[in-house]
Amino acid sequence: MNRPLTIVVPVKHVPDAAQERVLAGDPPRLQRGTGILCELDEYALEAALQLVEARGGTAAGHRVLALTMGPAPAADALKRALQLGADAAVHVLDDALAGSDAWATALVLAAAVRRTAEEEGRPVDLVLTGMASTDGETSLVPGQLAERLGLAHVGFATALSLDDDAAALTAVHATATESLRVEAPLPALVAVTDRSSTPRYPSFKAILAAKKKPVRTWSAADLGLGPEQVGTVGSRTEVLGAEARPPRTAGRVIHDDGEGGIRLAEFLLAERLV
Amino acid sequence: MTTTLVVLGGTQRLRRADRELLVLAGGLGGTHAVVPGAPGQELLDALAAHGTAAVHVPAGEPDDRLTTPLTALTEAAARACAADAVLLSATPEATDVAARLGVRLEAGVVTDVVALDAQLTATKQVLAGGWTTRCRARGGVLVATVRPHAVELPDPAPPAGEPAGRPALRRHELTDGAPAARIVGRDPLPPTGRPSPAEARVVVAGGRGTGGDFGPLEELADVLGAAIGASRAAVDAGWIGPEAQIGQTGLTVSPQLYVSCGISGALQQRAGMQTAKVVVAVNKDPQAPVFEIADLGVVGDLRTVLPQAAAHLRRLRS
Numbered sequence: 001m002n003r004p005l006t007i008v009v010p011v012k013h014v015p016d017a018a019q020e021r022v023l024a025g026d027p028p029r030l031q032r033g034t035g036i037l038c039e040l041d042e043y044a045l046e047a048a049l050q051l052v053e054a055r056g057g058t059a060a061g062h063r064v065l066a067l068t069m070g071p072a073p074a075a076d077a078l079k080r081a082l083q084l085g086a087d088a089a090v091h092v093l094d095d096a097l098a099g100s101d102a103w104a105t106a107l108v109l110a111a112a113v114r115r116t117a118e119e120e121g122r123p124v125d126l127v128l129t130g131m132a133s134t135d136g137e138t139s140l141v142p143g144q145l146a147e148r149l150g151l152a153h154v155g156f157a158t159a160l161s162l163d164d165d166a167a168a169l170t171a172v173h174a175t176a177t178e179s180l181r182v183e184a185p186l187p188a189l190v191a192v193t194d195r196s197s198t199p200r201y202p203s204f205k206a207i208l209a210a211k212k213k214p215v216r217t218w219s220a221a222d223l224g225l226g227p228e229q230v231g232t233v234g235s236r237t238e239v240l241g242a243e244a245r246p247p248r249t250a251g252r253v254i255h256d257d258g259e260g261g262i263r264l265a266e267f268l269l270a271e272r273l274v
Numbered sequence: 001m002t003t004t005l006v007v008l009g010g011t012q013r014l015r016r017a018d019r020e021l022l023v024l025a026g027g028l029g030g031t032h033a034v035v036p037g038a039p040g041q042e043l044l045d046a047l048a049a050h051g052t053a054a055v056h057v058p059a060g061e062p063d064d065r066l067t068t069p070l071t072a073l074t075e076a077a078a079r080a081c082a083a084d085a086v087l088l089s090a091t092p093e094a095t096d097v098a099a100r101l102g103v104r105l106e107a108g109v110v111t112d113v114v115a116l117d118a119q120l121t122a123t124k125q126v127l128a129g130g131w132t133t134r135c136r137a138r139g140g141v142l143v144a145t146v147r148p149h150a151v152e153l154p155d156p157a158p159p160a161g162e163p164a165g166r167p168a169l170r171r172h173e174l175t176d177g178a179p180a181a182r183i184v185g186r187d188p189l190p191p192t193g194r195p196s197p198a199e200a201r202v203v204v205a206g207g208r209g210t211g212g213d214f215g216p217l218e219e220l221a222d223v224l225g226a227a228i229g230a231s232r233a234a235v236d237a238g239w240i241g242p243e244a245q246i247g248q249t250g251l252t253v254s255p256q257l258y259v260s261c262g263i264s265g266a267l268q269q270r271a272g273m274q275t276a277k278v279v280v281a282v283n284k285d286p287q288a289p290v291f292e293i294a295d296l297g298v299v300g301d302l303r304t305v306l307p308q309a310a311a312h313l314r315r316l317r318s
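If you're matching them up, the sequences are chains Z and H in order.
Under full-length UniProt numbering, the first sequence has 178 at position 178, and the numbering climbs by one with no breaks.
Under full-length UniProt numbering, the second sequence has 61 at position 61, and the numbering climbs by one with no breaks.
Among the hints, erroneous ones may be present.
Mimicking EDC-like on lysine to aspartate or glutamate, the simulated pairs with C-alpha atoms at most 20 angstroms apart in a straight line are [unchecked claim]:
no. : chain 1 : residue 1 : chain 2 : residue 2
1   : Z       : 212       : Z       : 120
2   : H       : 284       : Z       : 259
3   : H       : 277       : H       : 301
4   : Z       : 79        : Z       : 183
5   : H       : 284       : Z       : 257
6   : H       : 277       : Z       : 271
7   : H       : 277       : Z       : 243
8   : Z       : 79        : Z       : 16
9   : Z       : 213       : Z       : 271
10  : Z       : 212       : Z       : 119
11  : H       : 277       : H       : 152
12  : Z       : 212       : Z       : 16
13  : Z       : 213       : Z       : 95
14  : H       : 277       : Z       : 16
15  : Z       : 213       : Z       : 87
16  : Z       : 213       : Z       : 120
17  : H       : 284       : Z       : 256
Where chain H lies over chain Z, by a calculated footprint (3+ residues, C-beta under 8 angstroms) [said to hold, decoys possible]:
no. : stretch
18  : 6-13
19  : 46-59
20  : 70-81
21  : 98-106
22  : 255-267
Rather than coming from a laboratory, the hints here were simulated on the basis of the structure.
As the structure is a prediction and not an experimental result, all values here were calculated from the model.
Each residue gets a CB set at the ideal place from its N, CA and C atoms; glycine is no exception.
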């Protein structure tokens, strides 16, 4: 009935969107200074934690595993995931991975999910992701990961639940015009939006407990991938150039003297916007 | 010569986003189209007027699986016409289809494209509209999702006229057994009578400064035929549904006009307005950062400024 679940949550260490972000170099790459756990990944982690907590949590044998690929500082994103409640973490760390596009990223993450299942000695039931990273913003990795792993896939999910025997899931998939209720057999991959839940804050106890949780580190070779399959050379897209958008400059500012609305309307007419 | 495969959103008529894809494809070379079900006559006529060489349709009835039937149909069509590029309109569903298609075709996938040149170099905005990049597929096929309103349509639209010739109809038998989610229910979003922020030419967006009353914004939006958007703060406060949210973790929109009302314009909020052609801001606080980026800023109370603007526009119109 309540069989132990294994849920993998891919997470990303990204530059803080509240700070200025810069592309530089040839080919242009995002300059990665201090970063944070991608805000959108916290929703995936929260969804995973809620699913297992409703079924007895770690004590009942359920496992939530955070997975990342990225340079050494990406370990900070895993640390945060462990503080939030993940049971263990996997870090795919290899210089050859730099510059990976969605194609190469999904290839690496798929290999890491398979390897995780081997190490855990049981299959992965669910891969839960955020809807996008806040740096690349492509939303491609969930679909590409599902395709590579041969999993049923629900993208842009705003709600998620499992049936009693964890054989299938029910989710709500948001489109621009309707909410679709969908069902999928497990194992499956679900990408959740920021409407799916409210992520928790780690408690002091959880922050202390996180220090004792295991982090596995693998190279591309550990996953059976050659350097030509990953990073810039393994990617299917290339960035030819990047330009900072000219900053928007202030136009006219007027103070409402009782006719502000009329001025606004006249501006729209003059600009042929109505 | 470039062969471009355009994936249409419906089976009966062309939506604006579909026409944009067809215009974009027509500028590159030959066009093929994917229609997700049995195509209606009006749609076939419109495709003929766009010079579409062939229309690819499923042989059977569309089923209730999410994403995979359209992925399989598009894959089959792309192989059948040896497409150099596959274009989809940038919606959530199309993004998932593009992702899976990319793996199957070993294609380079670029999302949220705003321009595409003859060499299939795509231009897109990244980092919340702060940067523009040019990118392309490294050999092989390019799969691209295209932002609504990225392509200018001929205005006024030319009459359909004499079709250049009927597109050939290609039916594809699909045997895609991949595990998939099934659709078991559909709940239409409550009708607002307004366009969605993602597709609207004009967006009127409200933030904390509305105090929860979107009435004045709706009044102006009615006159402008605009969508209503909202900042994260307004959504979190429960003043408006999450489908209206614009910004870093919500929709990034590219309208002609963005009217920002009671939004301070902090860095994350700017994500939603960065790529608008014209930004107008109304805010009580003269120090609000939004005035640093607005083409026109009105320092004032949105509860008086917006209704006055709406009334003036109505008066001029009548």
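Are the Cα atoms of residue 284 of chain H and residue 256 of chain Z separated by 20 angstroms or less? holds, 9 angstroms
Just to be careful, I want the Cα atoms of residue 213 of chain Z and residue 271 of chain Z compared with a cutoff of 20 angstroms; is the pair within it? violated, 60 angstroms
Straight-line alpha-carbon gap residue 213 of chain Z to residue 87 of chain Z, limit 20 angstroms: holds, 7 angstroms
Tell me if chain H covers the stretch 46-59 of chain Z under the three-residue, 8 angstroms CB rule, please? Answer violated; 0 residues pass the 8 angstroms Cβ test.
Coverage claim, chain H over the stretch 98-106 of chain Z, checked by counting residues with Cβ within 8 angstroms (three needed): As far as the stretch 98-106 of chain Z goes, the hint holds, because 4 residues have Cβ atoms under 8 angstroms from chain H.
Please verify whether residue 213 of chain Z and residue 120 of chain Z have alpha carbons no more than 20 angstroms apart. It holds: about 15 angstroms lies between the C-alpha atoms, which stays within 20 angstroms.
Counting residues of the stretch 70-81 of chain Z that have a beta-carbon nearer than 8 angstroms to any beta-carbon of chain H, does the count reach 3? violated (count 0)
Run the distance test for residue 212 of chain Z versus residue 119 of chain Z: straight-line Cα separation, threshold 20 angstroms. holds, 19 angstroms
Can the restraint linking residue 277 of chain H and residue 243 of chain Z be considered satisfied, given a maximum Cα separation of 20 angstroms? holds, 18 angstroms
Count the residues of the stretch 6-13 of chain Z whose Cβ falls closer than 8 angstroms to any Cβ of chain H, and tell me whether that reaches three. With 0 residues closer than 8 angstroms to chain H, the stretch 6-13 of chain Z misses the three-residue bar; violated.
Is it true that the CA of residue 79 of chain Z sits at most 20 angstroms from the CA of residue 16 of chain Z? holds, 16 angstroms
20 angstroms Cα cutoff - pair residue 213 of chain Z, residue 95 of chain Z: violated, 25 angstroms
In summary, the numbered hints that this structure violates are 3, 4, 9, 12, 13, 14, 18, 19 and 20.
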